[in-house]
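Asks: Kindly generate the complete structure, drawing on both the sequences and the hints.
Numbering (the working numbering), first residue to last: 1 to 150.
Treat the hints loosely; a few may be bogus.
[Claimed, not checked] Label-pair restraints from in silico Cβ distances:
1. Leu29 with Asp104: 40 to 46 Å
2. Ala105 with Tyr59: 32 to 38 Å
3. Met147 with Leu39: 53 to 59 Å
4. Arg148 with Ser36: 29 to 35 Å
5. Arg54 with Ala105: 22 to 28 Å
6. Asp95 with Leu28: 32 to 38 Å
7. Thr46 with Gly112: 46 to 52 Å
8. Glu99 with Ala19: 53 to 59 Å
9. Pro122 with Pro61: 35 to 41 Å
10. Gly107 with Phe30: 53 to 59 Å
11. Ala71 with Glu150: 18 to 24 Å
FYI, nobody ran anything at the bench for these hints, they're computed from the structure.
We treat Cβ as the ideally placed atom computed from N, Cα and C, and that holds for glycine.
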Amino acid sequence: MTMPGSLRRQRGSETVEFAISATLLFLLLFGIIEFSVALFDKATLTNASREGARTGILYRPASRDLVAEDAAIEQAIRDYADQYLISLGGPAEMDITIERFDRDASGAFDAGDDLSVIIDYPYQFLLLPSFVGTLGETFALSTTTVMRAE
Numbered sequence: 001m002t003m004p005g006s007l008r009r010q011r012g013s014e015t016v017e018f019a020i021s022a023t024l025l026f027l028l029l030f031g032i033i034e035f036s037v038a039l040f041d042k043a044t045l046t047n048a049s050r051e052g053a054r055t056g057i058l059y060r061p062a063s064r065d066l067v068a069e070d071a072a073i074e075q076a077i078r079d080y081a082d083q084y085l086i087s088l089g090g091p092a093e094m095d096i097t098i099e100r101f102d103r104d105a106s107g108a109f110d111a112g113d114d115l116s117v118i119i120d121y122p123y124q125f126l127l128l129p130s131f132v133g134t135l136g137e138t139f140a141l142s143t144t145t146v147m148r149a150e
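Replies: Structure representation (structure tokens):
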């Protein structure tokens, strides 16, 4: 049985159409996943900065050792980030900045003063590194939390 000429020329066109549409579909799917992971990491960093700020503003009856408090704040942030942050490249490398604002100009960090915790995190793409690498290998996620001391 011989096929008419027009059917013979269209043979394999479904495969080509699938290859084109599947490429776009998978690119869209992986883009959605990548964007979702970035948003999750942003929310995780926000919560980590809150945990650190909360650690730093707790009431302490004795005089405050700010160096020890800074270490405790950084440790609280790193513990939270290590537990929840999606980072396939090992432990998260983040810059943590802790600032205190003396509202009553007493020269000491006491009740009513503000504590600011800033986290800068270079987000590295997980699923599409070679594709988005042309746009930049990483981009910075940053979060700031300000709380008043108790």
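Asks: All hints, please: hold or fail.
Replies: Hint check:
1. Leu29 with Asp104: 40 to 46 Å: 55 Å, violated
2. Ala105 with Tyr59: 32 to 38 Å: 20 Å, violated
3. Met147 with Leu39: 53 to 59 Å: At 24 Å between Cβs, range violated.
4. Arg148 with Ser36: 29 to 35 Å: 34 Å, holds
5. Arg54 with Ala105: 22 to 28 Å: Since Arg54 and Ala105 have Cβ atoms about 25 Å apart, the given range 22 to 28 Å holds.
6. Asp95 with Leu28: 32 to 38 Å: 33 Å, holds
7. Thr46 with Gly112: 46 to 52 Å: Once the Cβ atoms are compared, 24 Å apart, the range 46 to 52 Å for Gly112 and Thr46 is violated.
8. Glu99 with Ala19: 53 to 59 Å: Holds, at about 54 Å.
9. Pro122 with Pro61: 35 to 41 Å: Hint holds: Cβ distance 40 Å, inside 35 to 41 Å.
10. Gly107 with Phe30: 53 to 59 Å: 54 Å, holds
11. Ala71 with Glu150: 18 to 24 Å: 20 Å, holds
Hints 1, 2, 3, 7 from the list above are not met by this structure, while the remaining hints are.
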